[in-house]
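Asks: Residue numbers (my numbering): 17 to 840.
In case anyone wonders, no lab produced these hints; they're calculated from the structure. Note that beta-carbon positions come from the ideal geometry of N, C-alpha and C, so glycine has one too. Be aware that one or more of the hints could be misleading.
Computed list of lysine to any residue pairs in SDA-like fashion (alpha-carbon distance at most 20 angstroms, straight line) [to be verified]:
| hint | residue 1 | residue 2 |
| --- | --- | --- |
| 1 | K801 | K791 |
| 2 | K746 | Q834 |
| 3 | K774 | Q809 |
| 4 | K251 | E265 |
| 5 | K284 | E265 |
| 6 | K812 | P37 |
| 7 | K211 | L277 |
| 8 | K478 | A806 |
| 9 | K248 | L216 |
| 10 | K189 | Y220 |
| 11 | K58 | T79 |
| 12 | K287 | K378 |
| 13 | K193 | L152 |
| 14 | K555 | C574 |
| 15 | K279 | S269 |
| 16 | K434 | W110 |
| 17 | K189 | K397 |
| 18 | K801 | P743 |
| 19 | K753 | D724 |
| 20 | K753 | L38 |
| 21 | K746 | K555 |
| 22 | K753 | A589 |
| 23 | K238 | K279 |
| 24 | K317 | G352 |
| 25 | K617 | K642 |
| 26 | K791 | C577 |
| 27 | K571 | K598 |
| 28 | K397 | Q418 |
| 29 | K274 | D285 |
| 30 | K791 | G758 |
| 31 | K211 | F659 |
| 32 | K643 | P614 |
| 33 | K567 | L595 |
DEER-style ranges, computed between Cβ atoms [to be verified]:
| hint | residue 1 | residue 2 | range |
| --- | --- | --- | --- |
| 34 | Q809 | L178 | 44 to 52 angstroms |
| 35 | Q809 | Q166 | 51 to 59 angstroms |
| 36 | L612 | H453 | 49 to 57 angstroms |
| 37 | T113 | K68 | 23 to 31 angstroms |
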Amino acid sequence: MDTGIFQERETFFVEVVLPLPLSINYTYRVPFELNESISLGKRVVVQFGSNKIYTALIHHISTQAPQHYEAKYIIDVIDDTPVVNKLQFAFWDWISTYYLCSLGEVMAAALPTGLKLASETVLVIDEETAEDQTELTDKEKIIVAALHSQNKLSINEVMQLLGQKTVYPIIQKLIEKRKVVILEEVVEKYKPLLKSYISLNHFYREEEHLQELFDLLKKAPKQVDLLLAYLKLAKQQGHSIAQDVLLEESASSTSALKALLDKDIFWKDKKVVSRLRHEDEIFSIDFKLSNAQEQALGQIKAHFTAKEVVLLHGVTASGKTQIYIKLIEQFIENGGQVLFLLPEIALTTQIVERIKLYFGAKLGVYHSKFNDNERVEIWNKVNDGSYRVVIGARSAVFLPFQSLNLVVVDEEHESSYKQIDPAPRYHARDAAIYLAHLHGAKTLLGSATPSLETYYNTEIAKYGLLELHERFGGVQLPEQTIVSMAQEAKEKKMTNYFTSVLLNQIAEALANQEQVILFQNRRGYATILLCATCGFAPKCVNCDVTLTYHKTSGKLHCHYCGYHQSSLSSCPACGSVHLVQKGFGTERIEEELELLFPEAKIARLDLDSTRGKYSLQKIIGDFQDKKTQILIGTQMVAKGLDFDNVSLIGVMNADTLLNYPDFRAFERSFQLLAQVAGRAGRRDKQGKVLIQAYSENHRVLQQVMQNDYLQMYNTEMQDRKQFHYPPFAKLIFLNVKHHDAGVLHQAALELATDLRSKLGKRVLGPEQPLVGKVKNLYIKQIVLKVERNAAMQKVKATLVESIRQLNSQKTFRSIWVQVDVDPN
Numbered sequence: 017m018d019t020g021i022f023q024e025r026e027t028f029f030v031e032v033v034l035p036l037p038l039s040i041n042y043t044y045r046v047p048f049e050l051n052e053s054i055s056l057g058k059r060v061v062v063q064f065g066s067n068k069i070y071t072a073l074i075h076h077i078s079t080q081a082p083q084h085y086e087a088k089y090i091i092d093v094i095d096d097t098p099v100v101n102k103l104q105f106a107f108w109d110w111i112s113t114y115y116l117c118s119l120g121e122v123m124a125a126a127l128p129t130g131l132k133l134a135s136e137t138v139l140v141i142d143e144e145t146a147e148d149q150t151e152l153t154d155k156e157k158i159i160v161a162a163l164h165s166q167n168k169l170s171i172n173e174v175m176q177l178l179g180q181k182t183v184y185p186i187i188q189k190l191i192e193k194r195k196v197v198i199l200e201e202v203v204e205k206y207k208p209l210l211k212s213y214i215s216l217n218h219f220y221r222e223e224e225h226l227q228e229l230f231d232l233l234k235k236a237p238k239q240v241d242l243l244l245a246y247l248k249l250a251k252q253q254g255h256s257i258a259q260d261v262l263l264e265e266s267a268s269s270t271s272a273l274k275a276l277l278d279k280d281i282f283w284k285d286k287k288v289v290s291r292l293r294h295e296d297e298i299f300s301i302d303f304k305l306s307n308a309q310e311q312a313l314g315q316i317k318a319h320f321t322a323k324e325v326v327l328l329h330g331v332t333a334s335g336k337t338q339i340y341i342k343l344i345e346q347f348i349e350n351g352g353q354v355l356f357l358l359p360e361i362a363l364t365t366q367i368v369e370r371i372k373l374y375f376g377a378k379l380g381v382y383h384s385k386f387n388d389n390e391r392v393e394i395w396n397k398v399n400d401g402s403y404r405v406v407i408g409a410r411s412a413v414f415l416p417f418q419s420l421n422l423v424v425v426d427e428e429h430e431s432s433y434k435q436i437d438p439a440p441r442y443h444a445r446d447a448a449i450y451l452a453h454l455h456g457a458k459t460l461l462g463s464a465t466p467s468l469e470t471y472y473n474t475e476i477a478k479y480g481l482l483e484l485h486e487r488f489g490g491v492q493l494p495e496q497t498i499v500s501m502a503q504e505a506k507e508k509k510m511t512n513y514f515t516s517v518l519l520n521q522i523a524e525a526l527a528n529q530e531q532v533i534l535f536q537n538r539r540g541y542a543t544i545l546l547c548a549t550c551g552f553a554p555k556c557v558n559c560d561v562t563l564t565y566h567k568t569s570g571k572l573h574c575h576y577c578g579y580h581q582s583s584l585s586s587c588p589a590c591g592s593v594h595l596v597q598k599g600f601g602t603e604r605i606e607e608e609l610e611l612l613f614p615e616a617k618i619a620r621l622d623l624d625s626t627r628g629k630y631s632l633q634k635i636i637g638d639f640q641d642k643k644t645q646i647l648i649g650t651q652m653v654a655k656g657l658d659f660d661n662v663s664l665i666g667v668m669n670a671d672t673l674l675n676y677p678d679f680r681a682f683e684r685s686f687q688l689l690a691q692v693a694g695r696a697g698r699r700d701k702q703g704k705v706l707i708q709a710y711s712e713n714h715r716v717l718q719q720v721m722q723n724d725y726l727q728m729y730n731t732e733m734q735d736r737k738q739f740h741y742p743p744f745a746k747l748i749f750l751n752v753k754h755h756d757a758g759v760l761h762q763a764a765l766e767l768a769t770d771l772r773s774k775l776g777k778r779v780l781g782p783e784q785p786l787v788g789k790v791k792n793l794y795i796k797q798i799v800l801k802v803e804r805n806a807a808m809q810k811v812k813a814t815l816v817e818s819i820r821q822l823n824s825q826k827t828f829r830s831i832w833v834q835v836d837v838d839p840n
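Construct the entire structure; sequences and hints are all you get.
Replies: Shown next, in the form of structure tokens:
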């Protein structure tokens, strides 16, 4: 039994989900006085172990006591209404079963921190709202007063302070009243960018009244100049003129503008503008779709009559977002909810801003950049139906939707939809499709370069397909050129890492006051620091990788565990001072460009340059405002950025993408290069893309040049079929880890042998991966390659049992087997 009113003296037991990686759920006894408070999806306070207290979720209610242990009593019920519904539990069960993780790991990923309090959780005061204590109870005031005097409290300390164990409901109320926050969360709120616009009082827009106005202002020549400038701009741009544009056009002072505003001749209002688009461009709510977009929208709706999932394959800048908005409008008219997934929420501000205008208070934004109070508030507003549209990164699939009608997954090919660590290692696109299926909703996938698996599903008629081949507004695709680095080096035309062609194109763009984006898929200054005498290269003490030199910090960094050390002036192995830097990253490109173009303002967009609180916004904002002319970046420059003045995209070395040892390398290279190219010439001028490469005749580069996705798809699918890779097979990676290399080798071999005896040739390995040690743990990898039509649940059950048998052996109890289903 799941819900209902229970008899006061009847004994009930609740199976609960704890936010811990436990292989089974534990059952607790319900005190008689709490019988009427329990129901599926509510949080309860329980003791786990000797002294740990957690909030757990009621997953099942029964009258059956557990057979193998005596059930402890639950301490309290926190919620008046459930925070998780039945469909969410069904979704969690699927995630747990499909991706081979525990329900506790799913709960830990799904719930905001404020909904899964534990005795170790630390509270701090919310400085903005804690002063007002008029609505607080006596016990709440005691907690707030204690936090004012000692800055932070653990929940265990709150229990001691109040002399009781049932403190969770009190703390929950303090969080809801925004008096306390969870210590781990320190993030700014999203704020749209507002800009002042000036318009003329409607009364004076009539010609006879306008003449009266000029007569009225004849003794104020500066105000007349401002009025004339406004009228000139209004003919070109409409009645609403950006304040800074008006002042610049009229060469007037703000005092003249203030005088006209005070006289009610001019009106001022604030409008939301994008931080990423042209500074004069505002969003029009009443936009119209082009003929191609209208046809695409009609085809999507037609496909939805027969298919649950539809792929919108449209070239970059074909206007997919406008189609999404119109489709969402139509779906929420029927009273349902919509989930709009984006791969990189930090770099897609423009979409958030644009869609907020359409849906206002009905729209919520959900991702890890919001603090815990905000995430709990969004969770509750989705739960009670206040939010009809939710824009979010991958974690938004876990929100408590009540009536989901549509899921939109933008840039569905993006690898950032896949969760790497910790478990559950789910793919948000695939999880969203299953979530939509549970709700009876439709799913729209959008991409200019779809994943091969998704496109294959359209070929076998599992998904519907429609395509947009032209950019919105008739804008031409960029002119693309490949430059041979080998030929340039042979002719001695290379300047460090730049071909003569790229340098000439950069100089031309700067001369035309246009902007340039350069893409280099490595951060840091030098990839390797190498002794020219003995060949020594400094390695990370925790991982099996060489350290990368970062000039800005003057240190050698590990990009896997974060370890860093001072740079070397001599070789510790042979004492030689002849140390050379091999390879190059974004830092080195920046330094070289500063020497080659000393007059240009240059910025760098990578993980290192965006660590500060406002650094990402500042870098993008400065480039948007043309304060910088050249932007150098890693993959971040390919995601969501849209600048109207960028005429040239330069790819520094395409070979680093093509030569990566992975079966998806060619697919990913095509996707990334096509997406990078899509940043150029996105308005009324054709852009240029210049790709530097040694293997200039590589088929993937030629396919990028021709913008031929289908040719890339067909050639890749031939290889995938021949070598039994997705979508013709399912992959499961087992990363076996231990701090002792000998024990690891023995355990991995035993696990692989056991699996091979049960699953045959489907099991490959164990082998050492490219990086054989990370964070002091040695790694061996076993690969399961299972045919597409196999009974995957039986294979997974066999796998789980083999891992359990391995860990049951005393020698291998500390072996950690990390399971990754459908690895990225």
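Asks: Any hints this thing doesn't respect? Which numbers, in order?
Replies: Checked against the structure, the hints that fail are numbers 1, 10, 19, 21 and 22, while the rest are satisfied.
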